[in-house]
Amino acid sequence: MRRFLVLIGIEGYAVLLALYRGLGGVHTDEAKYLLDIPYPHPPLARFILNLTESLPYNELRWRIIFASLLVQAVWLVVCMAKKMSPENRLTLCGLWIFSASVMFQSGTIMMAVLTALQGLIFVWLLLDAGNTKYEIRNTNIAGWVALFWLASLFTAYQAVLYLPIVIAIFWKAKINPIHSVLAIGIPILLAAMYVASNPLAAASFIKAGGQNTGLPLFDLIQVSLMSWLWAGSAVLSVAGLIGMLKSKQWAMLFSFVLVFAFHITSYRAYYPILFLPLLVGGVIACPWVLRKSALLLAMQIVIAVYVFAHTELAFYETGARTVMRQVNQLPRQGTVLIAGGFGHGWQYESRSPILRYRPSLLSKAKAVVCLEECPGVSGYGFYQIENIPQEVWIRK
Amino acid sequence: MELHNEQILRMENLKHKQWHIFWITTLVVAFAILLRLWILLPLYTDLTMRNRTQALIQATAKREGWLLSGLRIERIEGDSIRLLYRSYIRGEDPQSCHNLHTSTGKLTPCDDS
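These protein sequence lines map, in sequence, to chains A and B.
Going by numbering that gives the first Met the number 0, the first residue of the first sequence is number 0, and it counts up by one from there.
Going by numbering that gives the first Met the number 0, the first residue of the second sequence is number 0, and it counts up by one from there.
Here chain A stands alone, though its shape is the one from the complex (with noise of 0.2 Å):
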């Protein structure tokens, strides 16, 4: 009963933070990912996702699994960390809990939860290496764990950074050599022909890759550092790795290592969580960094508490759904024009196809939506919708 009632609040905290997520609107990645459109990632996660495209409140729905997901994954973390101490267990459960990551990143519908998810299940494999009872399970499990390291990889591409586990895992499974290389190699080879048949990922790939190289190297080692510290609100960042550092974790040090050039190369604000798994992993491997089990969490949750009234916390709408929502209420068929650089966040909101401002293209509009200037629209039988953030034209 009690951990019934654990678990009812520790959904209630999800459902909360997915709530705050969709009062704004959808992202530009969350809307790639809710429409299927096919770029960067691999059409696993995205493709499931689509399927309930058609159903009311999809977008919440999938923000409430999302968050939902991250947060009750600390029921893993417990089982991750059943040799500890229940006031250690406790103390890891609140870490998880109150990391910045988890609170900032649940109700985000984007692949790096699941990618950190994905992370948690291997650095539990990995971890669970150290029980008697590996040898029976290793061999019994193995084709399950090539099956979910390609299942990741066609979630996410950066799945690949947890690379180094997964050789861990397959090392100590202790399996047939070329059985084990097949296993991790073949799926990395999928990934990269998948790339090699999407002209556009490939593209977007070459883009995200290079688009820091204009920044000095200190920034990045900067922005990389403090993307380590908000991950685990910084006492489990700190322990996460002292841990991993003294028990000589070297597979999750490795995969450590790749977050951090990861994050160097192709920062976005939504990659930190990526260090959340390595960094339990890290504290379960020695409990000793929780010696001060108690002080440790009151530190998490004063910082958990600090950062969020700290963060710009956004209560409003997005400009596409507002402008959206007026324009999906015109009866008149036809495309909407959008002048200037926009997000699929555009797309999602619209009930219309949605096409960019070209002047020969009016004949065709019912909308226009001017978010840079888009000469010839007034001439051109719209008239202006007024107390709107953008300038929209509406035909007459």
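Think of the hints as simulated: they come from the structure by calculation, not from any bench.
Check the hints yourself; a few may be wrong.
Some chain A residues close to chain B (C-beta under 10 Å, calculated; not the full set) [claimed, not checked]: (1) LEU34; (2) ALA141; (3) VAL144; (4) ARG357.
Treat the numbers as computed from the prediction; the structure is a model and nothing was measured.
Ideal Cβ placement from N, Cα and C applies to all residues, glycine included.
Let chain A serve as the given structure and place chain B on it in line with the hints.
Then chain B, alone, in the frame of chain A:
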């Protein structure tokens, strides 16, 4: 004891089956990707064709107001590229099929051919 043996046998079966499932999944995924790569092969083998196709598709997308993310190359045949344009929106996505002539840059609906 009999039940125990049966359980072991079932676990052994499952152990073998998981690898079968992995290899079958791998083959299916590889087949689907190789099919796509086969369609795009001329773009990988011919640099001139690749550059020309890229320039033509970008110019066409700009002219038609298309978003590049909605474009998919369906076939490359001689001097014609079959393009599928999909407007991603909530609900059913409208799609249109076009032939893009690489020599003239002319775009015609697939129904016309």
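Do the hints match the structure? See the list:
1. LEU34: With a minimum Cβ separation of about 4 Å from chain B (threshold 10 Å), the hint on LEU34(A) holds.
2. ALA141: Holds, because the Cβ-Cβ distance from ALA141(A) to chain B comes to roughly 8 Å (cut-off 10 Å).
3. VAL144: 9 Å, holds
4. ARG357: It holds, given that the least Cβ distance between ARG357(A) and chain B is near 5 Å, below 10 Å.
When the structure is compared with the earlier hints, no violation turns up for any of them.
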